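With the hints as a guide, bring both chains together as one complex.
Residue numbers (UniProt numbering), protein chains in the order written: chain S, 1 to 538; chain E, 1 to 376.
Keep in mind the hints are simulated off the structure, nothing from the lab. Don't take every hint at face value.
Output of the computed footprint for chain S on chain E, the stretches with three or more beta carbons under 8 Å from beta carbons of chain S [said to hold, decoys possible]:
id : segment
1  : 71-78
2  : 206-220
Taking beta-carbon pairs under 7 Å as the criterion, some of the chain E residues facing chain S (in silico) [stated by the list, open to error]:
id : residue
3  : His44
4  : Glu82
5  : Val109
6  : His154
7  : Pro165
8  : Leu169
9  : Thr230
Small disclaimer: the values here were computed from a predicted structure and weren't measured. Every residue gets a Cβ at the ideal spot worked out from N, C-alpha and C, and that includes glycine.
Here is how the chains run, residue by residue.
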Amino acid sequence: MTAVVAEHDDHHDHHDHGPEKGVLRWIFTTNHKDIGTLYLVFGLIMFFVGGAMALVIRSELFEPGLQFVDPNFFNSMTTMHALVMVFGAVMPAFVGLANWMIPMMIGAPDMALPRMNNMSFWMLVAGVLLLASTLFMEGGAPSGGWTFYPPLVFQNGKSFPFAIFSVHLLGISSIMGAINVIATIFNMRAPGMTLMKMPLFVWTWLITAFLLIAIMPVFAGAVTMLLTDKFFDTSFFDAAGGGDPVLYQHIFWFFGHPEVYVMILPTFGVASTIIPVFARKPLFGYASMVYATGAIAFLSFIVWAHHMFTVGMPVAGELYFMYATMLIAIPTGVKVFNWTATMWKGSMTFETPMLFSIAFVVLFTMGGFTGLMMSVAPVDFQYHDTYFIVAHFHYTLVPASIFILMAAGYFWLPKWTGNMYNEKIGRLHFWLSAVSVNILFFPQHFLGLAGMPRRIPDYAIQFADWNMVSSIGAFIYGFSQLLFVYIVIDTIRGGTGEKVSDEVWEDASKHSLEWTVPSPAPYHTFSTPPARIPTEHF
Amino acid sequence: MKKTKQLLACLVLMALGLGTAHADYTLNLMKGVTQLSNELYDLHMLILWICVFIGIAVFGTMFYSIYHHRKSKGHKAEQFHENTTVEIIWTIIPTLILVGMAIPATKAVIDLDKVQDSEMSIKVTGKQWYWEYEYLDSGVHFESHLDEASEKTHRVSTMDPHNVPNYLLNVDKPLVVPVGKKIRFLFTAADVIHSWWVPDLGWKKDANPGFVNEAWTYVDKPGTYRGQCTELCGRDHGFMPVVVIAMEQDQYDAWVKATLDKQNQKPDLSDQTRNTLMAKGESVYLKNCVACHQIDGNGISGWFPALRGSEKVTGNMDQLIGFIQAGTSKMPAFKKLPDDELAELITYIRNAPALGNNVGDEIQPNKITPKWDDDE
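Just chain E, same shape as in the assembly (with noise of 0.2 Å):
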């Protein structure tokens, strides 16, 4: 018995110290940042409640039963098997029981779906795998992936994932939201269903292609907030966070402004030595490349082709240019890349290391010609 206690003992206290050196974990859903997540949070622990009362009265009464109620005690069986009065209780008391849970939950409904009368409209594109945002009132437009700190870990099994800052919870370019404004998001998606979610705001919404869902938010408090993709589309669903970062108005422009100037912004073609097109190629491959055509450039058999050794990669470097630009049945069209960007991903694709590639050659930004034809 003395023993049973020890062990016991040193149990608990391993737990403890289990929480003490890790503190950052929670219990409990999180508060949030809006007056709807709050209202969310109250709900759920009103709820909680009352499934811990009833849950302490049923297991206490069993368990009372169970201990007294035993042939071992010489405790003798009754013969009633029903009871027309209590029956006809307990049916009634769970209903009063649920009326009162669903009243405040019907407000919550209704309270989730005022999108009316916004002040801002951000429509939220969910492709495989990252989002795309765009701000529809100022003209921002850009893509959100997983940052590249986290995207290269979690591809090398030999680098930890404890080292990386907010560990697949971060991105290269968050979602940035002025505090205390009705902002309106539209949901729809690229290729399959996604779903995006950030606790904090108290809701996730669908992002189905072909359809626009709607959803609104108005935070209170400056500061990061994270979520992540919540219904499974494909293989890197785990992989495609949400970062929203909510500042003050006067900051928030300031952002908006510095954005969009960047954004109008020419690319910069001007030469750049091997090293720097190798290295920027790097970034412009994990961000584009690096889901299907994976880290070492093998594909992934039986779904996405290899580069390593691919004839399209190392040959003819024209044709090249034209596949990554129109793209094919199964591969999108990246006509988006600026040629800076191509010129950088091309030469590393070619001769990367990494992807067991060595033709040796480079292109410059100002020799991509383009393949593409931009109507738009």
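Chain S extracted, bound-state conformation (with noise of 0.2 Å):
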């Protein structure tokens, strides 16, 4: 025993615990640094798997009459960029921020339970990777929605069982992240750090986390039923057994309207963080930016029969569910404010972060007011299932969620790298995507206000012109997010060559943790707590 305490302690000296070499070094990393590089490029990749679904559905929305595919082979593509963007690209993405940040915000070594980080790593790989394969299988991947309702979902053919079952494997790849953020946050803190002193990424991180433990066994639950409705001859869903298709949707919609809070609120995070670095300011009303983030959690989880106004409620429900939906302007409202608030009388500089930051809070603000609109139960009469509403969750997920990773990546890849991206082609890209997504997504609420239904693969003449605009802002979209592919790729390889300080961004320093570590970071960090926690909120 003695001995092996020895050798290990010889092994030490020679050795700083760096990374091993070669591909094992990835696959079998328990290290939150590698593990959030694998969460990062991983949900790069399936951006840009997703991405080319959309283009396929944008190619076909091109001109009306059918050109390039099936109607069904549109609705798959419907239905897997959806899921694909949804628990492929965004959610990892912001897992691999996590994984990176959440431990040199708060200086503590690495997340509390490593080996869990790198299974949930690879069982959200296995799962996507079965979702993929049902793209080969025969009658096609699923084709009825991202949402998998009733009875429709049980003519998927082959791929039902399949896609299931890739849901239950994304689920628990999702939990374990969440119970490791969790436990990470509780218990790794470094003295001093105080949950009111934790920068707002970490805050909306842990309410996330909390979010994700509750929703996804309530979705596992929901597709379960579906499997043994289909195989096993029970009838949760199914009248003819005394069943309810509407209670399919219930269930789906309250873990569904959390869910996109999930995607969301570490949005809102990233926007905290890198805003008040480029004013050089302060964070304005950080508590009630805490405060905030939870009332939108806790009310996520009250309204979700928004998504089913038309679905025949009651005259009691109806009104219940507008008036709980109409409340969440208040905290979001707030959050916009606190962000004017913290640019106001600031001492600004643009560089690319903060341009998508900028953008985020304004476009996310245009999703909002559209969220506003359909909040009203009866207008929502005309708005549901139309490209207004498709419109509506495009803003609040293309220009916000995409745009704050995107800001991430130029923000902190200076501190995973050492290097600078080439401020240029980072602002090439900003302008290319802010404008050319408005192209995309703006006509589209004037095709769903003139009546065009979601999820068709062809629609009449009078909805031609503004689907040929929107999809020419599709191709420049896409196209023009191959630049962070090559600022990516370029900056690993040394960037614009100027070495970059540990603060990277003036001052950055007083606002959070990372900044006081070496660029780029060491392989280990914080394996003594920080001596100084910053406080500039107080």
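See below:
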């Protein structure tokens, strides 16, 4: 026993516990930075896979008539685009950021449960690969929409049970990731890092993790009920056996509504981290930001049926879900006002991360406005299931979550790699994205109001003009994202050649701990707790 | 700089040109033709303007700040980071605005639900992929499919949708309603969930299998109003439009009488020439079979079997009749097809070059012997 210990100590003297060499480093790694990188790279790849599917959709919709794909494949594309983007791109990318940044922001040496961290990543890969394999099955990939509504989902052919098993794997992976985040934040904060001193990114992730733990089992339960309905003769959702197809929608959206907040709350966190740095001012209303995030998370559990206003609910139900949904505007408004107040009387500069963050505040607010419009139940009887909805949730996801992920990339790449990215190309990427994303999604408001339903492969002639504009925007937006890939690779390889300081951005170390460690961040950080906690907010 | 301006002007002109060339698109929600749809339109505009004003205030402040409070202008950052008064104000004002919105919205929710005291009822059944209408008072009963021109055009890539009037928004038999009458709709579905939407009436309602939903309308203005299914219902979800024709009461009464007369007519079982059988058979095929078995008869691998070269289609005629009338676990029973349509269909699918079959026979309507005992 003693010998073993001695040997271990000896080992320690010669090595800095750096990464292993070769591919095994990535397969077996338990290092939060390596796993963070894996998640981020995986998310970026899936962003392009999901994006390619979106371009298939926009190609088909470029002109009226069916030109390229069969309607069934079109439906598979809308279904898979959503599943890949939600579960393959946005969520993993934010988990990647959490892995990289949470330990560094709270002064911890690693995540609390490193082995489970590794497992949750590889389970995600397994889940997504299983989902992707359905594309090659008889009858094609799932085509009943990412919401899996019965009874339509039962017509899905061979892919049905595989899609459900894939959802189970993704759910387990998410839950493990969430447990890890909570355990890390509650147990591993450096001395002096009280909860109310944590950067907002950490706060929003903490709340997101609780959302995930609460909702993923519900989703797993819902799809398992689908499975037993199809193969084991239960009839949860079949009226002929005493069930109700609308029951599924209630269960699904009890998961589904918090799920969209899983994608937006960390977005808020990153924006609240970036804007103060470039405004050279502390975040305005830190405490109210925390409370607003909590309020939004709470409300997300009690508004689900606003996704189903036309399903045939009693008046009392309509009214309740309308009022509850309207309430979300209040804490969300507080956040937007706080970001504006943070910029107010600052000393702003407009590097790429700041540009993406400002665009996020503006365009996310537009998505918030349409959200407010459709919270009004009676008018939603017109908006529901049209392109107006498509425009709404893409505004809250693309120029919000995706823009902020890009901003996070530009913001932290210098810290991760020790190299500066090319600011000129970064700005080009921003302006191309910001303009084209509006060409892509703004006309969809007009289409929806004019009467174009969602999820149709072909449309009436009066919808032709704006669909063409939207498709052109989609191609510009899609291809301009390749600039980001170029920048990431270029920065890893040395970027502008300029060596960046520990702080990277002016006075950034006043805001958060990651800017106090060297750039690039060493393989192990905060093996000893930080001496000083940034307390700028107080 | 000059070049940029020229480019900008050029783009604006192009956008305008696009606008004038196709003047039939709209940007905003339609007002519709009922009191209810107008109420909803006003509510929509109210909230839209509230959003516009909040947007101007917030974005205005932000852009003022972005313009003036920048480092390049030498602005020094102030270090304030909270202000309880301001934070309370910007929590309370939105709350008051929301209350202001909720009052008319509540009234509209209640109005939408007022199905009582209706003067007539129409049962709407969503099916993959057409609508079935049943007038509960007069007994009129028919199916409403996508019109033949749209059906063919969207299935044949060489045909241009621009040549089809009301492409994808036209049906063979529209729903006819009288103006100035409160009409109650009952919605249900036979297979999966559908949703019935006519924007001019102001609402959509889901049609759930096994359950009945209600909605109502009172159309003020005669006219033709078009809409679509809005709940994803499978492969041909985009191809099951709704057309409502509202007409004056006397015209409507005449329509009911004519439709009932036709409905009660016995099918004409007299012999037809082979060409007539084939031509009519194509229409029957387009309406009932094409959604699954496709326009070229190839079906869809993994979903729907091919008719092209199929033993079941080209083999024994009697068995084929029984097969179509009784259906299978996967295919619905087509006992609804009258003998004349069935004869036309069978002649068509056994001999149509479009389906690649050429048995070289035909069957006349009076030769069809029912393989399905109708107990009803």
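Outcome of the hint check:
Given as covered by chain S, the segment 71-78 of chain E passes the check, having 6 residues with a CB less than 8 Å from a CB of that chain where 3 are the minimum. Proximity of the segment 206-220 of chain E to chain S, defined as three or more residues with a beta carbon under 8 Å from a beta carbon of that chain, is established by the 7 residues found. Against a cut-off of 7 Å between C-beta atoms, the interface hint on His44 of chain E holds, since the closest Cβ of chain S lies about 5 Å away. At about 5 Å, the closest approach between the beta carbon of Glu82 of chain E and any beta carbon in chain S falls short of 7 Å, and the interface hint on this residue holds.
At about 5 Å, the closest approach between the beta carbon of Val109 of chain E and any beta carbon in chain S falls short of 7 Å, and the interface hint on this residue holds. With 7 Å as the threshold, the beta carbon of His154 of chain E comes within range of chain S, its nearest partner Cβ sitting at about 5 Å, so the hint holds. Restraint check, Pro165 of chain E versus chain S: the minimum CB separation of about 9 Å is more than 7 Å; hint violated. Restraint check, Leu169 of chain E versus chain S: the minimum CB separation of about 5 Å is within 7 Å; hint holds.
Given the 7 Å rule on beta carbons, the hint for Thr230 of chain E holds: about 4 Å separates it from the nearest Cβ of chain S.
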